[in-house]
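Asks: Using the hints, position chains U, D and E against chain X.
Residue numbers (the UniProt record's numbering), protein chains in the order written: chain X, 1 to 310; chain U, 1 to 310; chain D, 1 to 310; chain E, 1 to 310.
Where chains are identical, the list cannot tell them apart; a pair therefore holds if satisfied intra-copy or between any two copies.
Below are the SDA-like pairs computed for lysine to any residue, each with C-alpha atoms no more than 20 Å apart in a straight line: (1) LYS281 x HIS205; (2) LYS119 x SER38; (3) LYS281 x LEU83; (4) LYS119 x GLN37; (5) LYS102 x GLN141; (6) LYS102 x ASP124; (7) LYS119 x ALA109; (8) LYS102 x LEU139.
Please keep in mind that the hints were generated in silico from the structure rather than gathered at the bench.
Protein chains: 4
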Amino acid sequence: MPASYAYLGPEGTFTEAALRTLPEAATRNLVPYVSVQSALDAVRVGEAEAAFVPIENSVEGGITTTLDELVAGTPLMIYREVLLSITFALLVRPGTKLADIKTVSAHPAAQPQVRNWLKANLPDAHWESAASNADAARLVQEGQYDAAFAGEFAAALYGLEVLESGIHDAENAQTRFVLVGRPARPAAPTGADKTSVVLWQRDDHPGGLRDLLGEFATRGINLMLLQSRPTGAGIGNYCFCIDAEGHISDRRVAEALMGLKRICLEVRFLGSYPRADVTAKDVSAPRPGTSDEEFVAASEWVARCQDGRF
Amino acid sequence: MPASYAYLGPEGTFTEAALRTLPEAATRNLVPYVSVQSALDAVRVGEAEAAFVPIENSVEGGITTTLDELVAGTPLMIYREVLLSITFALLVRPGTKLADIKTVSAHPAAQPQVRNWLKANLPDAHWESAASNADAARLVQEGQYDAAFAGEFAAALYGLEVLESGIHDAENAQTRFVLVGRPARPAAPTGADKTSVVLWQRDDHPGGLRDLLGEFATRGINLMLLQSRPTGAGIGNYCFCIDAEGHISDRRVAEALMGLKRICLEVRFLGSYPRADVTAKDVSAPRPGTSDEEFVAASEWVARCQDGRF
Amino acid sequence: MPASYAYLGPEGTFTEAALRTLPEAATRNLVPYVSVQSALDAVRVGEAEAAFVPIENSVEGGITTTLDELVAGTPLMIYREVLLSITFALLVRPGTKLADIKTVSAHPAAQPQVRNWLKANLPDAHWESAASNADAARLVQEGQYDAAFAGEFAAALYGLEVLESGIHDAENAQTRFVLVGRPARPAAPTGADKTSVVLWQRDDHPGGLRDLLGEFATRGINLMLLQSRPTGAGIGNYCFCIDAEGHISDRRVAEALMGLKRICLEVRFLGSYPRADVTAKDVSAPRPGTSDEEFVAASEWVARCQDGRF
Amino acid sequence: MPASYAYLGPEGTFTEAALRTLPEAATRNLVPYVSVQSALDAVRVGEAEAAFVPIENSVEGGITTTLDELVAGTPLMIYREVLLSITFALLVRPGTKLADIKTVSAHPAAQPQVRNWLKANLPDAHWESAASNADAARLVQEGQYDAAFAGEFAAALYGLEVLESGIHDAENAQTRFVLVGRPARPAAPTGADKTSVVLWQRDDHPGGLRDLLGEFATRGINLMLLQSRPTGAGIGNYCFCIDAEGHISDRRVAEALMGLKRICLEVRFLGSYPRADVTAKDVSAPRPGTSDEEFVAASEWVARCQDGRF
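So that you can see chain X by itself, here it is in the shape it has in the complex (with noise of 0.2 Å):
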């Protein structure tokens, strides 16, 4: 039996069908959770090998229900990131025409990239809220409501027809996935890596924060994702969920982690993992002074001094 791979489910949503641009999911079990919380739980249980979650898109950011569960509890690594360009079809029991659509359904994170089309062409439909886009399709199945936007990869499954396609209001509307399994040694550098840490500050003083981002920017080292979380020790405490360019291994970032663990009250590494949005040949070199060798040299001639021989 492979092994499995747990999901954000019902079947038939974005992160199903973004966890299937994975050579490796051909060959896993993958199984639909009904919450961040349990796929992730999943893993942490060894019920699963690894759960594919949404962590960030371009309308709501960081999603913190996912943040919040890698803040917290035992430890998970990122093993690698999914980028899937969100559009909607409007889905439909086979025969409906536009004419005919007087309800509406989706999740409701669906209503912002949807809302333009609608006015222009639904105006009068009513929208009816769904646990999912994949819910709203099945009770379109059922005859509950008349259309669902959802990816149009779900029409098959629950025996719909696409009338429209390549809905969104927003260009560029974005989700990330990332597949988060038990810690162990993380993928090899592929020259276009990101890495990912959560860091509690130590105390809380003008500066602290500043002196943080220090460790990365002195190493050139640019941030992808800044995104504050709750520590639960009352408002207005906060750790940062930090996703940054390049790989633990790279010297500049080793250093830097070295740097944040040291002033820090606490760093949780959740992992280096090759970027989906570029490839090796797309990453400017590092500023001068930051390569692996300009750090190996600089190691290797702080020792001769060491020694007295240089």
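Replies: Frame of chain X, contents of chains U, D and E only:
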């Protein structure tokens, strides 16, 4: 007819309870709105003098719907903040006993706060989510559910009894609310003030965010909130909602804002207003070199140098 | 009777030659003094309108006697600077040939500049130090030595002949001189200006000096000189003489000085004056965010925020 | 035959007195040299095991001839430092009384230290500069002058009497001397150490020097000396001689040096050696996050993360 304050309804929620702690609320017409957006729009179009909405809580951090409304659209300003400790009461129809309760309801946000209490006291009760805690109370009144978790103050409104009060899983659970109006002169400084801004980076490079925070840090200004929000330009593009110590009429704050204005693509001023967590006597003195007196003295000294009189 | 300019004498030195490059020198009574201290004191007591003294050269760096005089005592200000390329002529009594020269003399500072030439051309000549190059020339005139290294212009003054000119071991040997007066309004900015200050740290802690330099760096201001000088409070206690790009009437410079004034124990303004090395057309534009226009715009924006008009 | 220590002569100077405070000096052949350069060259060519020269004093700051010799040429290393308080004795031929003194002599550097004493006690005495204080004493012995200012220890050497001792205008007048040898393993750390380096900037831009100092500051390392010296590439081009707290075997110092090595054009290590001003018990603990233990722990943590074991 008195001016009206819009607030996130319905009646009987914590938002209303928080709003009523403001003395001026007694002289206004308090009008519930169905969403943060509609409450703020009421201010924008002049239908309400101000809107009162939640902006941060100890579980969720920054409340993104509120922040996103303040970040975009016609500029608004924050004039007051209120901190409310969140503890729940279990509300039932008169005569209901604990043993009678089969179904409980509340807004989903209440669930993490009452989970332990439920497990210990009503392990078999079925949870049904409601649109708000007040709605849950109304549904109990109408007989649909047996009990609702809501603020104690909601009991009278819906003819219910408090079967248990002071329910809260997490200590220090608090929500912060703000009173938002159209731009006008900020309230006078009290000595314990807070300034809110939104920052958009000019470009994205290593150290960019560190340098923005440096404008506060070098002037000894502590930050209370740093919440990234998507700019709408695609995944990974963020602006930053920041709450900083001090008032825009404090010289160190004014100069920090000027510095940000110069190096940011855009800065949106969201107001300077009294802090709800402390009063002036609890605020530590500005770091040496950052008091108003020192700013004034330095400015006068430079003016004298420019004139050659020293 | 014209106002007089004091200068570091005697007549016939590079200092006098440099002074005569200033157009206004033609209208002043130029008076040699025996020391930098006496020349500056002449200004302090009102005996001279200004003093012209060397302040930096490419071999010695900052000239400490001049810097120490400017750092302490009654405040003075720099109004002009002059750069002079230093090449030596070998001066002899008329008729003297190279083969006749047994003794050469000059100020000790000349020695590093003529050492190679001596080795190649007069390997057996005996060196005798003189109080100044001009004094060496005078002693040659009086027959005490056979040849003097001095500026070519000194030949006529002492009735000597130039046996060889253009002698200089180091390329780019230059000395910088300054015209120093009593405090008054600085010269108008030219677009290629320099500002000189002396900084005393408030206390000594890791990062103290870094933070002082940060006041320049965060405003895009380059430094041209950083020379530490003892404060007189015991070994290891230093103040810092700094030359920075720009004019005190530039907003970025004014704000940097204000910042320094606030965080330093003491700041002494030594003047803003035109650079001698470049003209306005060769100066690169201020870094984005640091131009006068951007400072003014930022200041006006904050004023509007303070008024609630935006 | 014992190894020899070269020192800046002649005999009877403060340099010799300072050298004799080193226990190992008793077992070496102490050889005076006429200049700092010749003493250091004796080490470079293997004629002497080490050279003992002044490097900083409370009046002049960094002694540029010594610094320039260490900055350029074949690398040398500092192994020890000695601090000597400078007070002068007035030395006379036996039998001379104060009223007999018409001429006094000393090295010009002594003048600022004895000026007030002279004014009060010998207002009419004529000052004659000598090449060294010891030379002045010799010239008194030979009858050329009536009195010399020199170290009390010079009296015996030249057959003179101490007429007055403890003469010093400035309190805390001290000179710092260093023992310089060929590169070898630095002395073991004592807990109160100092590390000397020379830094050349890669390029000159706003914030360049600030960033160099940041390598020390972010690791909690205090600086004791920052002396700019011309690079020889023309006026305004400087390298920086820096003395920093700590020993190259301290992790925070080693990492700071690595950082400098990466971002500087060149770094010259001048040694780590015990501080003469304090002992380990007077040195404050490293700033939190910068102790060796914390560096080691952070390094091990990153190694564990790289292996996925945490």
